[in-house]
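Given chain C, work out where chain S should sit, using these hints.
Residue numbers (the working numbering), protein chains in the order written: chain C, 45 to 437; chain S, 45 to 437.
Read the hints as simulated data drawn from the structure, not as lab findings.
Errors might be hidden in some of the hints.
As the list claims (entries may be wrong) - Far from chain C, some chain S residues (derived; all Cβ distances over 10 Å):
hint	residue
1	Ala67
2	Thr76
3	Lys77
4	Asp306
5	Glu359
Said to hold, decoys possible - DSBU-like, lysine-lysine: derived pairs with alpha carbons at most 35 Å apart:
hint	chain 1	residue 1	chain 2	residue 2
6	C	Lys271	S	Lys271
7	C	Lys408	C	Lys169
8	C	Lys49	S	Lys94
9	S	Lys71	C	Lys49
10	S	Lys281	C	Lys344
11	S	Lys171	C	Lys77
12	S	Lys60	C	Lys423
13	C	Lys271	S	Lys270
14	C	Lys49	S	Lys60
15	C	Lys281	S	Lys423
16	C	Lys344	S	Lys60
17	C	Lys55	S	Lys171
18	C	Lys270	S	Lys270
19	S	Lys133	C	Lys55
20	S	Lys71	S	Lys49
21	C	Lys171	S	Lys60
22	C	Lys281	C	Lys71
23	C	Lys270	S	Lys49
24	C	Lys344	S	Lys270
25	C	Lys344	S	Lys271
26	C	Lys131	C	Lys199
27	C	Lys60	S	Lys55
Model, not experiment: these values are computed from the prediction.
Just so it is clear, CB atoms sit at the ideal spot from N, CA and C, and this is done for glycine as well.
2 protein chains.
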Amino acid sequence: MFDFKYYTPTKVVFGKNTESRVAELVKEFGGTKLLIHYGGGSVVRSGLLKRVTDTLDAAGISYVTLGGAVPNPHLGLVYEGIELCRKEKVDFLLAVGGGSAIDSAKAIGYGLANEGDVWDFYDYKRKAEGCMPLGVILTIAATGSEMSDSSVITKEEGLVKRGYSSDFGRPRFAILNPELTMTLPDYQTACGCTDIMMHTMERYFTNGGNMELTDSMAEGLLRTVKKNALILKNDPKNYDARAEVMWAGSLAHNGLTGCGNDGGDWMTHKLEHELGGLYDVAHGAGLAAIWGSWARYVYKNCLHRFKRFALNVMEVEDRGSDEEIALCGIEAMEDFYRSIDMPTNLRELGIKPTDEDLVLMAKKCAAGLSGGVGGSARKLDEAAMLAIYRASI
Amino acid sequence: MFDFKYYTPTKVVFGKNTESRVAELVKEFGGTKLLIHYGGGSVVRSGLLKRVTDTLDAAGISYVTLGGAVPNPHLGLVYEGIELCRKEKVDFLLAVGGGSAIDSAKAIGYGLANEGDVWDFYDYKRKAEGCMPLGVILTIAATGSEMSDSSVITKEEGLVKRGYSSDFGRPRFAILNPELTMTLPDYQTACGCTDIMMHTMERYFTNGGNMELTDSMAEGLLRTVKKNALILKNDPKNYDARAEVMWAGSLAHNGLTGCGNDGGDWMTHKLEHELGGLYDVAHGAGLAAIWGSWARYVYKNCLHRFKRFALNVMEVEDRGSDEEIALCGIEAMEDFYRSIDMPTNLRELGIKPTDEDLVLMAKKCAAGLSGGVGGSARKLDEAAMLAIYRASI
Numbered sequence: 045m046f047d048f049k050y051y052t053p054t055k056v057v058f059g060k061n062t063e064s065r066v067a068e069l070v071k072e073f074g075g076t077k078l079l080i081h082y083g084g085g086s087v088v089r090s091g092l093l094k095r096v097t098d099t100l101d102a103a104g105i106s107y108v109t110l111g112g113a114v115p116n117p118h119l120g121l122v123y124e125g126i127e128l129c130r131k132e133k134v135d136f137l138l139a140v141g142g143g144s145a146i147d148s149a150k151a152i153g154y155g156l157a158n159e160g161d162v163w164d165f166y167d168y169k170r171k172a173e174g175c176m177p178l179g180v181i182l183t184i185a186a187t188g189s190e191m192s193d194s195s196v197i198t199k200e201e202g203l204v205k206r207g208y209s210s211d212f213g214r215p216r217f218a219i220l221n222p223e224l225t226m227t228l229p230d231y232q233t234a235c236g237c238t239d240i241m242m243h244t245m246e247r248y249f250t251n252g253g254n255m256e257l258t259d260s261m262a263e264g265l266l267r268t269v270k271k272n273a274l275i276l277k278n279d280p281k282n283y284d285a286r287a288e289v290m291w292a293g294s295l296a297h298n299g300l301t302g303c304g305n306d307g308g309d310w311m312t313h314k315l316e317h318e319l320g321g322l323y324d325v326a327h328g329a330g331l332a333a334i335w336g337s338w339a340r341y342v343y344k345n346c347l348h349r350f351k352r353f354a355l356n357v358m359e360v361e362d363r364g365s366d367e368e369i370a371l372c373g374i375e376a377m378e379d380f381y382r383s384i385d386m387p388t389n390l391r392e393l394g395i396k397p398t399d400e401d402l403v404l405m406a407k408k409c410a411a412g413l414s415g416g417v418g419g420s421a422r423k424l425d426e427a428a429m430l431a432i433y434r435a436s437i
Numbered sequence: 045m046f047d048f049k050y051y052t053p054t055k056v057v058f059g060k061n062t063e064s065r066v067a068e069l070v071k072e073f074g075g076t077k078l079l080i081h082y083g084g085g086s087v088v089r090s091g092l093l094k095r096v097t098d099t100l101d102a103a104g105i106s107y108v109t110l111g112g113a114v115p116n117p118h119l120g121l122v123y124e125g126i127e128l129c130r131k132e133k134v135d136f137l138l139a140v141g142g143g144s145a146i147d148s149a150k151a152i153g154y155g156l157a158n159e160g161d162v163w164d165f166y167d168y169k170r171k172a173e174g175c176m177p178l179g180v181i182l183t184i185a186a187t188g189s190e191m192s193d194s195s196v197i198t199k200e201e202g203l204v205k206r207g208y209s210s211d212f213g214r215p216r217f218a219i220l221n222p223e224l225t226m227t228l229p230d231y232q233t234a235c236g237c238t239d240i241m242m243h244t245m246e247r248y249f250t251n252g253g254n255m256e257l258t259d260s261m262a263e264g265l266l267r268t269v270k271k272n273a274l275i276l277k278n279d280p281k282n283y284d285a286r287a288e289v290m291w292a293g294s295l296a297h298n299g300l301t302g303c304g305n306d307g308g309d310w311m312t313h314k315l316e317h318e319l320g321g322l323y324d325v326a327h328g329a330g331l332a333a334i335w336g337s338w339a340r341y342v343y344k345n346c347l348h349r350f351k352r353f354a355l356n357v358m359e360v361e362d363r364g365s366d367e368e369i370a371l372c373g374i375e376a377m378e379d380f381y382r383s384i385d386m387p388t389n390l391r392e393l394g395i396k397p398t399d400e401d402l403v404l405m406a407k408k409c410a411a412g413l414s415g416g417v418g419g420s421a422r423k424l425d426e427a428a429m430l431a432i433y434r435a436s437i
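Okay, chain C solo, but in the shape it has when bound:
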């Protein structure tokens, strides 16, 4: 068991119509002039943005708006947001949307609270010393960015996708209304469930630390998301299932499911990041497409965890050798992905990289890691990464 820090200061307000409390929460955390940052048109079309601005108008809170945050949000828009906020003397950021809008807002917040180029933080050059306060109205359950310390930004030049983590970036409040996620396309719902589970699985498959308490809660979370992802496939407007998934999304990535471990494995995420850099793929689907190949490559080096996962999460029968049980667990997970229409390889993901592409991705992935090596379940170097990519086509 390793020592740990646990810090989740975000005030979560969860339930129906909770977006009506946005003005009250902004005031509680000292905001007087907002940037409302959002993504595509759905926030506008659904009427959510209007409801939010009406509430702010009624409370006498002024704001400017900036839309356009895209999946794998772009650095260019971050620069634009920083400039706008400086000009308009914004003192509080409100992200309305999913991970893209939140991550983009976090980057704007770092840019506003620190001198120099905000990309420096994402490029591992220096650490942020603050972040403009940020609140969230969540519309997609997936990235967990509404409670997490992390954000991921893509620099357009060279398509470099990088993450930065700092407690300064944790939102002050998060409004979670499961009803706002009911109109998501099935594919995005399934991608979200995959991403949520993976945030906890990355923390679960480790060769260092582990607490029984953390494990038991992580397993409960994984079983819950799995069950409710299947419910949502047939009944996408099921409020309770939406609520289970939404709350799981926050808890899966706020640190709770990693307490006591060595920091986690994170190689499925790193391998997917390179996919997301080169191809226009949904993050969750990319994770599903890579995970099975990763799992088969590493499971013998982390057998006790894969066996436990098989028994306690996938609920496979406790029969056969440890290896057999572990493999049954991996197969059951892939079956689950298929059952919610997620891919289990790159072909099903809809991309056909050449071997040169795979070599390039492995090279870039290794280059982004200290010493060119990463992972906990099994340490992976560039050759191992390439082997996993090749197994995933």
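Same frame as chain C, but now just chain S:
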């Protein structure tokens, strides 16, 4: 499922020797002049207090000290602390100890940040509008006060024991070093484990709300504490078991295990509070002594939850009627209490109240509840409370 708020801003620093980071944390949260508040002599005898003051001295942070917080901490000491802090211009409170020192420090904090008599808050007369910032070095895993919004104070006159809850009272940081709990007497360790489990069980046995995610994590927490309480009975210096119990203590009462429910039952706590008011009993032992009688009185009104508890926490066999399974679960819980030397009735607790005492306790308990009625698993009025007390002798 009910809407909920989840707010746990406390920064937890967990692991060996983490008390050495106290000065850094005090500075992070803006403290310049401290009141160090502690309980009995063990904090002094163990050398912990000296280590803390040495660290503060080295960092140039000045402080005054106030010991003497007792279980069921007294209002008189709270007044004394408020006066001392005003005189010494204290701006940050540091509680070193268990729930008594923390609860007492919270009350001092309310007294300092608000005009008028601090007892008003505990007497339901008005609400606090702030609390002086508070940090914690925890030495006993039990009450969860290190992350919770609640504190319990006893007014000496009439032995009135009352709780007050407010987010203002949540500590800014909590230093959790499992090693500091290793020298606790077995009885106190068992009382702590009982209290921890009860904080989650009070939230679990309800007839309103319930989320699958919350349930699965609550059940994992309960199984973990049960398992590790038994390990500690034979191996009290087992670091991992101490760590599991300590972290469970914080999560059991910070709100996590109640998300989505109706607020919880809390009648075992309320019934025990009256015991604690009249007799010198350890809180955890008092809870164990009452719980079985409460459970048998209410389980038919909350059968689905008692059945689930039996299967998923006590791991009894899924055989027989729902009532039989529920009763097996209650019996298994009582067997567990006996296995860690906790009482399952008032006689085993070491007290022999007269029937007049029981009548008085039921009267006081009902008087402390809005409309004289409380509970969720089953609504209890004064007559029901008396029936439970009578069944528990």
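Query raised in the report: Hey, Lys281 of chain S versus Lys344 of chain C, does the alpha-carbon distance stay inside 35 Å?
Result: holds (33 Å)
Query raised in the report: Is Lys49 of chain C within 35 Å of Lys94 of chain S, Cα to Cα?
Result: holds (24 Å)
Query raised in the report: Within a Cα-Cα threshold of 35 Å, do Lys49 of chain C and Lys60 of chain S meet the stated pairing?
Result: Distance of about 12 Å is within 35 Å: holds.
Query - Status of the stated non-contact between Ala67 of chain S and chain C (beta carbon gap over 10 Å) - result: Since the minimum Cβ distance to chain C is about 17 Å, Ala67 of chain S lies beyond 10 Å and the statement holds.
Query raised in the report: Holds or violated: are the alpha carbons of Lys344 of chain C and Lys271 of chain S at most 35 Å from each other?
Result: holds (28 Å)
Requested in this report: With a cut-off of 35 Å on the C-alpha distance, tell me whether Lys344 of chain C and Lys60 of chain S pass.
Outcome: holds (31 Å)
Query raised in the report: Has the given pair, Lys71 of chain S with Lys49 of chain C, been kept, meaning a C-alpha gap of at most 35 Å?
Result: Holds, at roughly 17 Å.
Query raised in the report: Within 35 Å, alpha carbon to alpha carbon, are Lys71 of chain S and Lys49 of chain S?
Result: holds (29 Å)
Query raised in the report: Can the restraint linking Lys60 of chain S and Lys423 of chain C be considered satisfied, given a maximum Cα separation of 35 Å?
Result: holds (27 Å)
Query raised in the report: For Lys77 of chain S, which was marked as not at the interface, is the minimum beta-carbon distance to chain C over 10 Å?
Result: Nearest chain C Cβ is 24 Å from Lys77 of chain S, so the label holds.
Query raised in the report: Looking at Asp306 of chain S again, its CB stays over 10 Å from all of chain C?
Result: holds (13 Å)
Query raised in the report: Has the given pair, Lys271 of chain C with Lys271 of chain S, been kept, meaning a C-alpha gap of at most 35 Å?
Result: Answer holds: Lys271 of chain C to Lys271 of chain S is near 27 Å, not above 35 Å.
Violated hints for the displayed structure: none, as all numbered hints are satisfied.
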